[in-house]
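Heads up: the protein sequence lines correspond to chains F and Z, in order. Per full-length UniProt numbering, the first sequence starts with residue 1, numbered consecutively. Per full-length UniProt numbering, the second sequence starts with residue 1, numbered consecutively.
Example chain F residues on the side facing chain Z (calculated, C-beta under 10 Å, incomplete):
(1) 180
(2) 186
(3) 188
(4) 192
(5) 197
(6) 205
(7) 207
(8) 282
(9) 285
The following label-pair restraints were derived from C-beta to C-beta distances:
(10) F/127 / Z/62: 33 to 41 Å
(11) F/180 / Z/176: 22 to 30 Å
(12) Z/121 / F/124: 51 to 59 Å
(13) F/118 / Z/120: 42 to 50 Å
(14) Z/31 / F/124: 49 to 57 Å
(15) F/120 / Z/60: 22 to 30 Å
(16) F/131 / Z/75: 43 to 51 Å
(17) Z/176 / F/281: 29 to 37 Å
(18) F/131 / Z/176: 55 to 63 Å
The set of hints was computed from the structure by calculation and includes no laboratory data. We put the beta carbon where it would ideally sit given N, CA and C, even for glycine.
Residue strings, one per chain:
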Amino acid sequence: MRNTLPVLTVLLAVVAIWYVAAIGMNSTWVRDQAARSETVLGMGEFVRQTLSLDRPVLPAPHQVAAGLWDGVFGQKITSKRSLVWHGWITLSATLAGFAIGSLAGIGLAVGIVHDRAMNQSVMPWAVASQTVPILAIAPMVIVVFASAGITGLLPKAIIAAWLSFFPVLVGMVKGLRTADAMQLDLMRSWNASRSQVFWRLRLPSSMPYLFASLKVAVAAALVGTIVGELPAGASAGLGARLLSGSYYGQTVQIWAALFVAAALAAGLVFLIGWIERLALRRMGLAR
Amino acid sequence: MTAYVITADQIDLTFQTADGPVHALKGVDLTINQGDFVSFIGPSGCGKTTLLRAIAALEAPTAGRLSVNGMDPDAARRARAYGYVFQAPGLYPWRTIAGNVGLPLEIMGFAKADRAARIARVLDLVDLAGFGGKYPWQLSGGMQQRASIARALAFDADILLMDEPFGALDEIVRDRLNEALLELWRKTGKTIGFVTHSIPEAVYLSTKIVVMSPRPGRITKVIDSPLPTQRPLDIRDTPEFIALAHEVREGLREGHSYD
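Sequences are here, hints too, so could you generate the full structure?
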């Protein structure tokens, strides 16, 4: 691991900057408290207090770490205070939304590549769908579904799908058109049908594009799910955890939930990257 | 009764481009007999590839009559009259050599057992027996091109159309493949259309050499080769060979004197 040293250096630098920022941002409160109780704080005591507030403006790394530890390992995983439980709620909706979004993206791409009318009509709508802020759409989706008696995973998955279909659509339109003219001419010389061309040539050659867009899509799906958990009423999931944290000034809770979300996203992207490597190597497309 | 496998009667082929029409072919007349080895030679832009593609129904002539096996080219294509070999092997990296050779067979709906037998036979024909299980990247460029020839032969089309198939290979490999191709042509009796811009290659391989020139693309000369069908590589040092190469070169020069 030649990279260990530079990676550790960057990590240390981030932590150091974080500590300095925490001291700076929490200092006003500590100074005010000291003034109110008319005590004079030594430098050491001052720093210790800025880094151990209950509701700091910016919690120190070790506070977040403690919050994370408590949330992940300190609770029964069925507990409503468990980050594992909230994380699972978010992850399940993310995966459902990712699956719906990816299939929709692939389906639309297939349509666009094969049908002239879809080629001209679908893309503008797809682009338009992404220009509408997701924060504006999410509550509407939740409300519409709730009025139909559907709550829980599905509405959130729809919002996740809304964000994740687009990269897959764009990637697959490109991917399905990546087969070169010579390959298509060969297929034509064999009098291959469109479905034969699709399954034997277009789809396999689109795989590198598919995996690249799936990585973007899965991260987008997670963001969509968390946004879907923000509207009032949601009591479960990392989004709800973020929201309740901000209601009660529980900054440690917010940061802990943020880290779980980031870890989830990183894990999902890594997982797809791993499948990508295996698949492309098997297909001889890895170079 | 059609004596000719391919006949072209006053073919024009014009591409409409942003800079105006490009006359890729103009007034092309040609007849090709069953079992001919026909080379199309000429400078780039002379329409030799376009002519081959028109025969394969990959381009449509804008005027004139073209017939392949007594049909119009598109019907012939649908009847799988020809196998086409491009300059690049175009093998699928995710399929083995056998899988690649079997691809047209799958598409055409050959039964599995028949496919395996045909794959084995054509791989043997191009001297790649035993390489069926390898992936394309495990083979050299020359072997890959041989695999692509096997793929074009697998479904037993009577006509083999080759567009500079050895253009990207070095001369030593090219010599060997030319020799192998002649051998294959003698064994199978196929009609071969072969695009090249190498004079020795055209003279060495062909029974008929079609010399073409550009702007507009047209045939300036058709030379029937007096060389015997048995052609060892050293036939290229005989006076007959050199005379024929000279004639082709003269033909190419005449084509150029227009511009």
